[in-house]
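Engineer: Sequence:
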Amino acid sequence: MVLEMPCASKNLKITVLNKVPLIQLPINLNLVESLDLEETSQYLLLQKPECIILDFSQTTFIDSSGIGVLIQFLKKTEKQGVNVIVWSISSRIKGVLVNAGIEPLLIFDETDAISLINNEKINNQHAKVHLSVNSRIKRAIDIIGSLIGLGLTSLLFIPIAIAIKLDSPGPVFFSQIRCGLLGKRFRIWKFRSMVVNAEALKEQVDNQVKGPFFKSKSDPRITQFGSFLRRTSLDELPQFWNVLKGDMSLVGTRPPTCDEVEQYILQMWQRLNVKPGITGQWQTNGRSEICDFNKVLELDLDYQRNWSIPYDIKLIIKTILIVLQEKSNAL
915 MVLEMPCASK NLKITVLNKV PLIQLPINLN LVESLDLEET SQYLLLQKPE CIILDFSQTT
975 FIDSSGIGVL IQFLKKTEKQ GVNVIVWSIS SRIKGVLVNA GIEPLLIFDE TDAISLINNE
1035 KINNQHAKVH LSVNSRIKRA IDIIGSLIGL GLTSLLFIPI AIAIKLDSPG PVFFSQIRCG
1095 LLGKRFRIWK FRSMVVNAEA LKEQVDNQVK GPFFKSKSDP RITQFGSFLR RTSLDELPQF
1155 WNVLKGDMSL VGTRPPTCDE VEQYILQMWQ RLNVKPGITG QWQTNGRSEI CDFNKVLELD
1215 LDYQRNWSIP YDIKLIIKTI LIVLQEKSNA L
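For the sequence shown, counting from 1, position 143 maps to 1057 in this note's numbering; every step adds exactly one.
Honestly, the hints are just simulated from the structure, not real lab data.
By construction, the Cβ of each residue, glycine as well, lies at the ideal position given by its N, Cα and C atoms.
Take the hints with a grain of salt, since some may be wrong.
Just the calculated beta-carbon pair ranges, DEER-fashion [what the hints assert, rightly or not]:
id, residue 1, residue 2, range
1, V1123, K1079, 45 to 51 Å
2, K1228, E1117, 26 to 32 Å
3, P1018, K1228, 40 to 46 Å
4, L1061, D1023, 27 to 33 Å
5, I1076, N1048, 39 to 45 Å
Taking lysine-lysine and the DSSO-like style, the derived pairs with C-alpha atoms no more than 27 Å apart in a straight line are [said to hold, decoys possible]:
id, residue 1, residue 2
6, K1232, K1129
7, K1124, K1104
8, K1104, K990
9, K933, K962
10, K1131, K1159
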């Protein structure tokens, strides 16, 4: 039977099959629909079912908010011991879930779904990813810029590596898993600017930012030469490799850590609708003075709204001027 639920939108239909609730997901799983799914899933979990079926047969598009609501939902089902079964998911949508690292929490079933929406409606409601994601011009700029950046990195590598080693014994590079487009996890690279056991000492440092974002103006883990690297942004040179690989862009949003993303509410997931960048609006608008994550989110969403190729070029030029000024002040 079909349950009429006051908390469910017209895009969400719930069917009970042999006492197992089945949620038919909407055609486009973006922020509005994700908020509906969040409310509906909370209601279903109160009923303490043994398992829940997610029917993806109609779903042709999912953005970062959709990934976010699924991650939050799966955390709750795992805690309650509820199995989540996926029906009729396309290979493209499944690939997005795999990249976000949530595939192990799902049971994929090849059962055909129950179609409750006509195909004509589906064909007329395809959503589009952010324009910057598939822009060939932006990708060409990224490739050219990253090759130039890697050339500069190769010239500076030996003196920087020697200075890092002399200042603090340990590896030259620092790597960390970050979350990129639609929550896709990737390994980011930087020149090491902190002591070797920096992550283990993180809990001893006061976070001076409000929200899911870590920053401390007087972080004792930063080495003497590391402070110079950060002031001059030289520590970020290895990220040109991430840009060349396609995990990042020259211009985008700040790539968050996995533990930061775990603290996100759905609205915050919107910043992952574009690729993260080496630079962006928050980096060129006094990043050292920003102490509230809501301001970071505001700047990231503003970038998405205003994005264009000329806008990217403007931010790149602005970044270069800021870096040159910082280098002259640091010398």
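Engineer: Evaluate each hint against the coordinates.
Structural biologist: How the hints compare with the structure:
1. Distance hint check for V1123 and K1079: the Cβ-Cβ separation is about 31 Å, which falls outside the suggested range of 45 to 51 Å.
2. Distance hint check for K1228 and E1117: the Cβ-Cβ separation is about 39 Å, which falls outside the suggested range of 26 to 32 Å.
3. Under the hint 40 to 46 Å, the C-beta atoms of P1018 and K1228, about 42 Å apart, fit the expected range.
4. The hinted range of 27 to 33 Å is not satisfied by L1061 and D1023, whose Cβ atoms lie roughly 45 Å apart.
5. With their beta carbons about 42 Å apart, I1076 and N1048 fall inside the hinted range of 39 to 45 Å.
6. With a C-alpha separation of about 23 Å, the suggested pairing of K1232 with K1129 holds against the 27 Å cut-off.
7. Taking the CA atoms of K1124 and K1104, the gap is about 25 Å. The hint holds against a cut of 27 Å.
8. For the hint pairing K1104 with K990, the CA-to-CA distance comes to about 35 Å; that exceeds 27 Å, so the pair is violated.
9. For the hint linking K933 to K962, the alpha-carbon distance of about 11 Å falls within 27 Å, and the restraint holds.
10. The hinted pair formed by K1131 and K1159 fails the criterion: a straight-line CA distance of about 31 Å is larger than 27 Å.
Going down the numbered hints, you'll see the structure goes against 1, 2, 4, 8 and 10, while the others check out.
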